[in-house]
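**Student:** Here the protein sequences come in this chain order: A and B. Position 48, counted from 1, in the first sequence is what my numbering calls 398; the numbers after and before it change by one each time, with no gaps. Position 160, counted from 1, in the second sequence is what my numbering calls 510; the numbers after and before it change by one each time, with no gaps.
In case anyone wonders, no lab produced these hints; they're calculated from the structure. There's no promise every hint is true.
As the list claims (entries may be wrong) - Across the chosen pairs, the derived CB separations fall in these ranges:
hint	chain 1	residue 1	chain 2	residue 2	range
1	B	LEU796	A	GLN685	34 to 42 Å
2	A	MET633	B	ASP719	50 to 58 Å
3	B	GLU449	A	GLY632	43 to 51 Å
4	B	LEU639	A	ASP679	35 to 43 Å
5	A	PRO825	B	ASP679	42 to 50 Å
Small disclaimer: the values here were computed from a predicted structure and weren't measured. For every residue, glycine included, the Cβ atom is placed at its ideal position computed from N, Cα and C.
The chain contents come next:
There are 2 protein chains.
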Amino acid sequence: MTQTASIIGGGVIGGGWAARFLLSGWNVQVFDPDPDAERKIGEVLDNARRSLPGLSDVALPEEGRLSFHDTIANAVDGAMWIQESVPERLDLKLKVYAELQAACAVDAIIGSSTSGFKPSELQDGAVRPGQIVVTHPFNPVYLLPLIELVTTDANDAATIAKAQGVIRDIGMHPLHVKKEIDAHIADRFLEAVWREALWLVKDGIATTEEIDDAIRYGFGIRWAQMGLFETYRVAGGEAGMRHFMAQFGPALKWPWTKLMDVPDFTDELVDLIADQSDAQSGMHSIRDLERIRDNNLVGMMRALKAQDWGAGALLNAHDRAIATLPDLDQADLSQPIRTLHRAVPLDWTDYNGHMTESRYLDAFAQSTDRFMRIIGCDDDYIASGGSYFTAETHIRHVDECHAGARITVRTQMLLGQGKKLHLFHSMYEGERLLATGEHFLLHVSLETRRPSPPSDEIEAAMARIAAAQADLPYPNGAGNAIRKPA
Amino acid sequence: MTQTASIIGGGVIGGGWAARFLLSGWNVQVFDPDPDAERKIGEVLDNARRSLPGLSDVALPEEGRLSFHDTIANAVDGAMWIQESVPERLDLKLKVYAELQAACAVDAIIGSSTSGFKPSELQDGAVRPGQIVVTHPFNPVYLLPLIELVTTDANDAATIAKAQGVIRDIGMHPLHVKKEIDAHIADRFLEAVWREALWLVKDGIATTEEIDDAIRYGFGIRWAQMGLFETYRVAGGEAGMRHFMAQFGPALKWPWTKLMDVPDFTDELVDLIADQSDAQSGMHSIRDLERIRDNNLVGMMRALKAQDWGAGALLNAHDRAIATLPDLDQADLSQPIRTLHRAVPLDWTDYNGHMTESRYLDAFAQSTDRFMRIIGCDDDYIASGGSYFTAETHIRHVDECHAGARITVRTQMLLGQGKKLHLFHSMYEGERLLATGEHFLLHVSLETRRPSPPSDEIEAAMARIAAAQADLPYPNGAGNAIRKPA
């Protein structure tokens with residue numbers, strides 16, 4: 351059954367939450383008194399629709415329904431999750447919670463996007479404090495997976511488990527902070543770095559651009575995949591973490607930072623930083639920068655996905671949870687079998703947004719891989735020493751498609767007998783044929799890397815598909831060659 | 351002429367410098383009294399050879415010659431760059447500089463890898479202070495491009511320009527810090543975050559793994575591409591940087607960090623962190639973690655490269671500087687034209703290190719793109735509204751290759767006339783044929799996206815190649831089809 355989330359307070363953060371829920375198949379009900387709320391959330395949704403679905407290697411559920419409401423009571427009707435993203439003023443948040451709890455389901459979860467307040471402060475004076483938790487996201491919410499889930503003793507185990515389940519359901523990672531603290535975890539680091547950066551700019555040591563370069567050409571890209579401690583563990587080498595700390599520990603006594611000594615936030619400092627930022631980034635509009643950022647994040651997260659590491663490992667786990675491709679017993683074997691159903695990711699497209707040539711083969715290779723799994727050539731089988739190698743490929747490009755397009759590949763087996771496997775993939779967007787991929791594969795021994803017969807189980811599965819597809823017509827375009835010029 | 355760099359002090363950092371110079375075609379002369387130095391540098395080089403060359407989309411120069419020397423005098427003989435990476439003790443460094451300057455060329459540059467000392471401290475008492483600069487790298491030095499180049503008034507403009515040139519020559523980015531400060535720029539941030547992290551662990555708020563997750567699932571991946579200020583500029587939205595600072599500035603007054611208040615570095619704290627780190631990462635050896643890290647970094651940096659952004663934009667600029675592929679007037683047109691010469695990157699390989707199926711088409715598409723440029727279909731031409739689209743592709747997989755393999759593609763034009771372009775690519779590792787790619791392309795109008803005739807210049811270039819290649823035999827495998835099963 352479709353579930354409902356309520357978004358209290360739109361803007362960049364609330365809009366990001368709305369996008370996460372909508373694109374995960376939830377209905378979303380928004381309350382925001384800002385007359386521009388619908389436009390603002392629409393802009394975040396535009397960004398999310400082009401970037402999030404393609405992060406997955408499987409199709410996301412059909413998008414939910416978005417609605418806007420004039421009262422909090424209407425907005426929370428039927429909602430099992432209520433996300434509060436109003437401005438960071440405690441009095442305002444407490445007033446909103448009183449209104450929410452007067453109208454919402456008693457078993458709904460109220461998550462706060464607060465970056466600074468502790469959950470005990472938010473629960474203070476509430477009629478049902480156990481319903482309120484901190485669920486602090488990171489911008490862009492529709493791409494970054496981190497949620498700091500901060501709870502207190504007022505939240506029972508069932509509520510915490512339910513919150514974790516919903517966060518995972520929308521493709522995010524609940525980092526459960528069990529001991530509350532001002533600013534949770536991540537923002538304490540951001541604050542520390544921000545303060546030191548202000549000093550460096552103010553003292554004329556570095557410009558905003560130089561500081562950004564110092565981060566993104568060095569430790570930033572390191573932290574994107576391993577964080578702080580694992581990075582240092584590697585740096586410490588075989589001698590281990592204790593050895594690393596023995597080396598690095600003493601530096602703690604050195605006066606390298608000025609962090610609790612806060613620079614005065616004068617107009618001059620604001621002007622200095624704003625002017626440097628204009629010089630650094632002013633050639634791009636904010637809208638351009640958002641898209642550049644999202645392209646970068648999608649590309650890097652998909653790179654981590656290929657390594658099954660960090661944020662990429664989270665994405666793979668989510669794909670497995672929502673995958674809907676049929677296996678041998680579920681598929682209608684008398685028709686070409688659905689072996690791919692996904693959105694075209696941003697990093698598969700060229701500068702003008704069309705899917706680029708080599709990614710057609712990437713998609714067909716995923717289909718071949720899926721077909722291999724269907725007939726029993728899965729990870730365990732490959733680990734036992736057998737697999738299929740592609741010997742020959744023939745691709746016909748029929749039509750174009752864009753980033754975000756939902757594509758489906760259906761696969762007809764032209765031959766599956768002994769060591770030979772001959773597949774014909776057809777790629778569609780809706781009913782529109784985009785390309786065909788014809789592939790001739792050989793079963794090999796991974797030890798000798800020479801052709802060898804497959805297992806009896808694979809042989810039997812191929813025979814079953816061959817019998818079921820025997821009456822399918824030989825596909826148009828199969829067996830074609832690129833003709834020799836006259 | 352091959353240039354020579356001298357590496358004083360091996361280990362992880364010195365070894366990383368050695369790899370940068372060697373793989374950029376420099377000869378490298380090492381001095382390190384550690385009897386294990388040769389083995390240690392060899393291990394760093396192994397990591398570098400598998401990861402660095404494939405970051406480029408063009409082949410790096412032939413590797414230089416590595417030698418080990420018993421004395422500083424021998425190690426600096428003929429060197430125009432001397433990199434000092436000895437332990438962080440000022441007395442030791444000053445002693446080393448005295449020895450270096452007694453033997454090295456007066457116009458050589460002496461760069462120090464120090465993360466803490468200011469260049470004025472290193473120059474103090476030197477016979478030629480103007481020769482000494484700080485060139486602070488980041489681990490892994492063979493992948494991360496950042497060098498903090500810190501200079502003083504003792505360094506003249508010519509020396510600084512020369513240092514910048516060498517750093518760029520080996521594919522790195524000189525971030526020139528003109529006003530010296532303890533710990534330069536980046537390590538001040540690292541120190542601030544490290545201190546706060548120690549508090550969070552000590553106070554039981556979060557484990558090392560939770561802190562790493564808070565970084566790599568959130569701001570870490572954001573910083574990898576835009577750093578701090580540009581990220582906040584985007585977050586501030588159209589209202590701009592001043593508006594963002596007005597919102598965020600007051601938080602400076604909040605007591606969120608404990609950073610100058612240093613936790614006591616007790617055995618208990620060391621044990622707590624080391625034990626948590628073991629629980630987090632102990633299932634991987636350090637060697638495994640190094641390779642995982644390098645795979646991740648290569649994948650993410652290549653993702654940024656595809657967006658021509660951040661560390662990826664640096665890589666593209668370096669590729670352009672070292673590219674050696676022939677153009678129309680340089681190529682021997684009577685033979686298949688060299689259209690690709692590169693190393694197979696880590697992110698093109700499958701779990702067991704073989705180049706994966708779809709990347710063959712990626713390589714062939716790069717060759718097609720290069721061939722298009724050769725005949726005049728370059729960025730300007732495409733911007734003017736014409737291009738080629740691939741209609742049909744036929745790939746034969748003949749043999750396998752691994753990450754790091756240097757592959758070359760040679761391209762025969764089978765037809766280039768009017769709107770039709772028929773290419774036959776052959777991919778080799780050395781003399782070994784790996785695959786062939788046959789491609790039929792149509793010239794199109796990018797406005798109508800329908801076939802259209804190319805420019806007269808392109809028609810003329812194709813005619814010139816057709817005449818020159820007229821006597822080449824029709825290639826083996828061209829015109830093949832995957833046969834219909836009997």
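**Student:** Could you work out which of the previously given hints the structure breaks and list their numbers from low to high?
**Tutor:** Hint 2 contradicted; others consistent.
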